[in-house]
Amino acid sequence: MGEYLLEVKGLSVSFCQYEKGWKRSRIQVIRELTVSVRTGEMVAVVGASGSGKSLLAHGIMGVLPYNASVSGEIRYQGEILTEKKIRQLRGKEIVLVPQSVSYLDPLMKVGKQVENGKKGRTGQCREALGRYGLGPETEQLYPFQLSGGMTRRVLISTAVIEKPKLVIADEPTPGLHLEAARRVLGHFREMADEGAGVLLITHDLELALQTADRVVVLYGGMTVEEADREAFQQEETLFHPYSRALYRAMPEHGFSFVPGSQPYVKEMPEGCPYQTRCREVKESCRKFVPLRKTERGSVRCVLWGGEESR
Amino acid sequence: MAAERGIWIGKQLFRMMVLLGAVTVAVFALLSVSPIDPLTANVGQTALGSMSPEQVEKLREYWGTDQPALSRFLAWAGDFIRGDMGTSLLYRRPVKEIIWERFLNSVWLMGSAWVLSGVIGFGLGILAGRKQGGVADRLVTGYCMLIASTPAFWIAMILLLIFAVHLQWLPIGLAVPIGVAAEQVTAADRISHMVLPAAALSLTGISNIAMHTRQKMAEVMESDYVLFARARGETERSIIWRHGIRNVALPALTLQFASISEIFGGSVLVEQVFSYPGLGQTAVTAGLGSDVPLLMGVTVITAAIVFGGNAVANILYGLVDPRMKNRRKKS
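So the protein sequences, as listed, match chains E and R. According to the working numbering, the residues represented by the first sequence are 579 to 888, in order. According to the working numbering, the residues represented by the second sequence are 372 to 702, in order.
Hints are computed from structural coordinates only; laboratory data are not their basis. Accuracy of the hints is not assured; some may be wrong.
[What the hints assert, rightly or not] List time: in silico BS3-like cross-link candidates among lysine-lysine, alpha-carbon distance up to 30 Å:
(1) R:Lys502 / E:Lys670
(2) E:Lys696 / R:Lys467
(3) E:Lys696 / E:Lys587
[As the list claims (entries may be wrong)] Distance ranges between label pairs, derived from CB positions:
(4) E:Lys871 / R:Gly494: 53 to 63 Å
(5) E:Gln723 / R:Thr458: 53 to 63 Å
(6) E:Glu848 / R:Gly505: 35 to 45 Å
(7) E:Ser649 / R:Gln586: 32 to 42 Å
(8) E:Lys871 / R:Gln586: 50 to 60 Å
(9) E:Ser632 / R:Gly381: 48 to 58 Å
(10) E:Pro643 / R:Ile543: 46 to 56 Å
(11) E:Ser632 / R:Lys382: 38 to 48 Å
(12) R:Arg464 / E:Gln718: 53 to 63 Å
(13) R:Ile616 / E:Gln723: 20 to 30 Å
(14) E:Glu768 / R:Lys502: 34 to 44 Å
Every residue gets a Cβ at the ideal spot worked out from N, C-alpha and C, and that includes glycine.
The whole structure should be built from the sequences, with the hints applied where relevant.
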């Protein structure tokens, strides 16, 4: 499909690391990550801590550390997003909304940071802050003087002032109470409704389902399932055992949990990362499992594709 | 606000008094157990040997060395508080005069070394920390490691060998040319005598500032806010100017004021090598000659200046860093 604004296909990110002095090893944090965003659409990428969510954002923005290497395909408006291209686009058409106050310069006033060093943007800055209920007095504050909720709104203001086409929001809700978190996600929904594509990276499936159009479930740095919001209304329309487990873990669906935890990146098994916890694990799970289309999205599971194999 | 500031200044002054008191007691105690006998050191072994025991006793009484250390100290302290720093045993002149004269010599030397090492060290630190592991970083770190493990007096001697002995570009020592009347000494003369000692001092001072700045700069470059700045399309250059220097300048400035003590410490050795008549050399001479009043005077002045430097560092931090300013307002 060519109408995608952002298309990430089979993205892998690995780090080079020295251990025990001289031995060099590669740590694969993200592998086979696939996600796409259309214009005017809000897509949530949901995964537990350590599933490589932030790296996805940094990978798209081209700000991964020097010892990281990336493979796979990132396309923006149908064209490969090269390093040169992202350098031109980032901070203009493509913006990142980071997760915490530590992403603001501690010694620079908020107004200057929202303006981002470009002259003659005082009006736009005031407008952007005002849109989120922050008065002109906010411009004179330093980041340490902001509350958690104000920080999020300031960070969102740094995005809207650029009038972006693609917004990548990296964990915008932790530390906020439910009402504030909902409001923040509402701001992103608004941007999508105004025509931007929004990629929301979060660990909170419940909140994501309230605002996003589609949800991509990550496990161990890999896309295991992608489905529209409605598919998450009942267990039967979800296909991957992990997505189903997430569904059942939600308070209104029984609050149940699957024992075990996500394997550490260095001990990640070949094939499906969920095999260590899956109750329906098969021999074929230990080999590479392709992502296959379903009627509501796509899934990476050997069980998909026929009732007889269940 | 004004009352608060007054209390703060009062506290600082009180601290300084306590510090100076402790320093004088320590120096005096060390001197009184020092094996150097002021009589032997100043009158001379032979002269003393040719005197009769009665004469020596008289001399002892005149100099006051027969008194117990405590009463000597109290006598000195009492005079000092009244503004009398005493008379130097070695120079037979008021200590105040000698210190003022030496201080004027030293202040230019140390001041220029201090400014040079600060500015160059800061620049090198920024350059190195900008990209850890890069060529600039390796060169700067290598230089700093080399210099940090080299004693200041050795560098002074090498500079002396190269520029004064072999090339003969600069004078070999002292603060003014030999055999020239004091009125005829020009500013150029003074400067040319100062170049080598100042260079030796600042060369060693650079490494400390540069390594600290580099460390801080590297931290800033790896910080979340620099990552975000990059993601917002800022160029490396703009990042260094807008975020790097802004966040590194404060700790560097504080360090710079706190490093006054190191410049003083270095000057003792460097002035010795260049026979430069400054405070550092005076301290050495006074110590070796058991010139108690002079050494005490030099110590108190030095301690006060170093304390002043640290106090300025504290004040600057409070004035410039918005986070500190606010914390003070709140408390």
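Hints versus structure:
no. : hint                            : verdict
1   : R:Lys502 / E:Lys670             : holds (26 Å)
2   : E:Lys696 / R:Lys467             : violated (58 Å)
3   : E:Lys696 / E:Lys587             : violated (35 Å)
4   : E:Lys871 / R:Gly494: 53 to 63 Å : holds (59 Å)
5   : E:Gln723 / R:Thr458: 53 to 63 Å : holds (58 Å)
6   : E:Glu848 / R:Gly505: 35 to 45 Å : holds (38 Å)
7   : E:Ser649 / R:Gln586: 32 to 42 Å : holds (34 Å)
8   : E:Lys871 / R:Gln586: 50 to 60 Å : holds (52 Å)
9   : E:Ser632 / R:Gly381: 48 to 58 Å : holds (50 Å)
10  : E:Pro643 / R:Ile543: 46 to 56 Å : holds (53 Å)
11  : E:Ser632 / R:Lys382: 38 to 48 Å : holds (46 Å)
12  : R:Arg464 / E:Gln718: 53 to 63 Å : holds (59 Å)
13  : R:Ile616 / E:Gln723: 20 to 30 Å : holds (22 Å)
14  : E:Glu768 / R:Lys502: 34 to 44 Å : holds (40 Å)
The structure does not agree with the numbered hints 2 and 3 stated previously, though it agrees with the rest.
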